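Sequences are here, hints too, so could you generate the full structure?
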Amino acid sequence: MTVLTLTAQPSRDAGMAPLPWRRMVWVTWRQHRATLISVPAVLGGVALFLLLAGLKVHHDYAVLAACHGAGAAACENRASALTSTDWTMANTVLILMNLAPVLIGAFAGAPVLARELETGTFRYAWTQGFGRVRSTLARIVLIAIVLAAVSGALGVLFAWFFGPPMRNTGMTPGEATVFVTRGLAFPAWTLAAFAIGVFLGMLIRRVIPALAVTLGAFLALDLLAWLVVRKLYLPELAPGRIALLQRQPAVPHFWPAQFIEAGWLLALSALLVAATLWLVRHRVA
Amino acid sequence: MNVIETSGLGKSYGRVAALRDCTLTVPAGRAAALVGPNGAGKSTLKSMLAGLTIPTAGTAAVLGGQPAGSAAALDGTGFVAQDAPVYKSLSCGDMLHLTANLNRRFDHEYAQARLAELGIPLKKKAGKLSGGQQAQLALTLALARRPRLLILDEPLAALDPLARQDFMGTVMTAMADDGVSVLLSSHALAELERVADYFIVLASGEVRLAGDADDLLAGHRMLTGPAAEAGLVASQQSIVQIRRAAAQAHVLVRISGPDEPVPPGWEAHAVGLEELILAYLRAPGGPAQPGPSAALRPEPTEVAR
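Protein chains in written order, with the working numbering: chain B, 1 to 285; chain P, 1 to 305.
I should point out that these hints are in silico values taken from the structure, not numbers from a laboratory. Note that the structure is a prediction, hence the values are computed from the model and not measured. Any given hint might turn out to be false.
[Stated by the list, open to error] Here are the simulated distance ranges between beta carbons: (1) P:ARG244 - B:GLY120: 40 to 48 Å; (2) B:MET16 - P:VAL195: 26 to 34 Å; (3) P:THR59 - B:VAL141: 31 to 39 Å.
[To be verified] So these bits of chain P aren't anywhere near chain B, every CB distance computed over 12 Å: (4) SER7; (5) ASN38; (6) LYS128; (7) VAL195; (8) LEU217; (9) THR224; (10) GLY231; (11) PRO261; (12) GLY265; (13) TRP266; (14) VAL271; (15) GLY272; (16) LEU273.
Cβ coordinates follow ideal geometry from the N, Cα and C atoms, glycine included.
What follows is the structure, encoded as structure tokens:
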């Protein structure tokens with residue numbers, strides 16, 4: 001048997017400067033590779049679909065717009081055909097976009113700590129030199145950056161895709177279901193769902209129950225926003241159909257409302273991350 | 001330097017105390033064995049020393065006064081938890097890389113050489129290793145960090161005899177070559193006796209006995225004599241345990257030195273470590289006993305034969 005010896009001992013005061021954060025980039029990538037590949041891959045697939053479907057939708061409505069005023073009956077037929085096909089598709093995608101934040105956030109967030117606690121690997125991870133609070137924070141922030149980027153991009157693409165059908169049906173970006181898929185609100189909701197997932201994962205310590213409770217908590221938050229909070233900053237427009245293909249009036253206070261919605265969601269997320277880190281620091285088996 | 005120092009250390013989960021008022025001092029360079037039945041608080045103590053569990057009472061310090069869990073303590077302490085947890089979906093090579101990134105020092109050369117010697121391929125997933133190999137991987141990761149204190153929680157529990165020997169061989173090599181201090185626990189008393197030179201006996205969340213193996217042995221002896229006089233002897237000596245067998249009684253007593261007189265009509269024998277430890281484990285509610293001083297006298301037990 002070869003005798004292996006360890007080389008020189010570390011000096012006692014090896015300058016206890018914290019380990020550099022950048023080391024966590026590879027660590028996070030390697031440990032959460034499944035999430036960091038699958039979420040962008042699925043959303044990439046969705047984006048490709050939105051791109052192709054969007055080109056068709058935009059083409060269809062361009063044709064419809066050109067048709068306008070020619071043969072009235074022919075145009076009616078074309079319009080009703082679009083309503084039944086393109087609108088059905090667009091509406092389905094809209095529903096999926098409303099669910100996307102919770103699906104992305106819970107799937108990515110709940111396992112971050114729950115898996116470590118469930119499998120016992122936290123006893124490895126949290127006794128390494130990096131320190132458990134710092135390494136947990138780094139992992140959360142790095143995953144959050146990726147989620148914000150991909151969900152933000154998806155929101156922009158969806159807004160482009162959804163423009164013609166929305167205009168055609170007289171919906172406005174001020175309507176709650178559309179409002180949350182746009183601008184800052186969409187990535188903010190995704191991050192909030194992620195933060196809820198991470199926090200509940202730490203609290204519940206098991207992946208599947210944490211996932212389930214995350215879904216419930218998200219729906220409760222969504223309901224709260226819809227029934228109470230959003231009314232404070234997003235004025236409801238008087239219902240009424242805008243004539244087909246008419247240029248839509250700008251929604252008043254749209255961007256301020258987006259900033260407010262994203263603001264409180266991000267504040268809530270930050271609070272949940274802080275609570276998670278507190279639990280990591282203080283509450284271990 | 002004391003590699004472990006605790007003072008009044010305690011941990012309660014709600015109202016249940018897993019460890020109470022634990023005051024310990026383990027000098028550097030020792031292989032300290034933590035002995036006790038299930039639920040005695042061994043894992044809790046190790047977990048607190050490793051900085052994983054936060055104490056609810058008292059203080060824990062390692063490596064000459066670094067508070068457990070502090071950056072300096074984490075840096076110099078290698079911890080292999082029970083069942084040697086590793087990320088099962090990661091390859092062994094990735095586990096090395098991961099540990100290297102999470103620590104200030106990592107001896108890649110040592111880690112790779114050890115895994116090669118153990119016949120563990122770097123490309124193999126950690127979850128596909130046998131129990132013994134997984135324990136060896138976890139130990140290699142901990143040792144490659146070049147710790148000055150290595151804490152092992154029931155490292156042998158899931159291993160076959162051959163793997164146990166290999167595992168302890170690795171630990172003893174690190175101790176001999178590098179002066180790593182070790183704290184380990186196991187139910188295999190015989191195995192601990194071969195490795196350890198310092199013993200800490202825990203029962204019901206309390207330290208019953210702690211000290212250097214040689215001091216402990218020198219500080220106790222077994223007296224054998226007529227059962228009828230056992231009561232009288234017990235009243236004169238600092239006793240740990242009385243065992244009556246028919247006409248004879250065996251009384252385990254603490255002594256201050258080899259010159260302590262033997263009661264007339266009684267025979268004195270040296271006591272074995274295993275015998276001594278078992279006697280302390282049986283003693284109900286004895287207070288902490290750092291070293292062989294006879295200042296503290298726990299209630300002795302009577303074991304009928």
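Now the hints, each set against the structure:
1. P:ARG244 - B:GLY120: 40 to 48 Å: Taking Cβ atoms as reference, P:ARG244 and B:GLY120 lie about 46 Å apart, which means the hint holds.
2. B:MET16 - P:VAL195: 26 to 34 Å: 31 Å, holds
3. P:THR59 - B:VAL141: 31 to 39 Å: Cβ of P:THR59 to Cβ of B:VAL141: about 32 Å, so the range 31 to 39 Å holds.
4. SER7: 21 Å, holds
5. ASN38: Since the minimum Cβ distance to chain B is about 16 Å, P:ASN38 lies beyond 12 Å and the statement holds.
6. LYS128: 15 Å, holds
7. VAL195: 18 Å, holds
8. LEU217: P:LEU217 clear of chain B: closest Cβ-Cβ about 31 Å, beyond 12 Å.
9. THR224: 45 Å, holds
10. GLY231: 46 Å, holds
11. PRO261: 48 Å, holds
12. GLY265: 54 Å, holds
13. TRP266: 49 Å, holds
14. VAL271: 36 Å, holds
15. GLY272: The claim holds: P:GLY272 sits with its nearest Cβ about 31 Å from chain B, beyond 12 Å.
16. LEU273: P:LEU273 clear of chain B: closest Cβ-Cβ about 28 Å, beyond 12 Å.
Consistency with the previously given hints is maintained throughout, with no hint failing.
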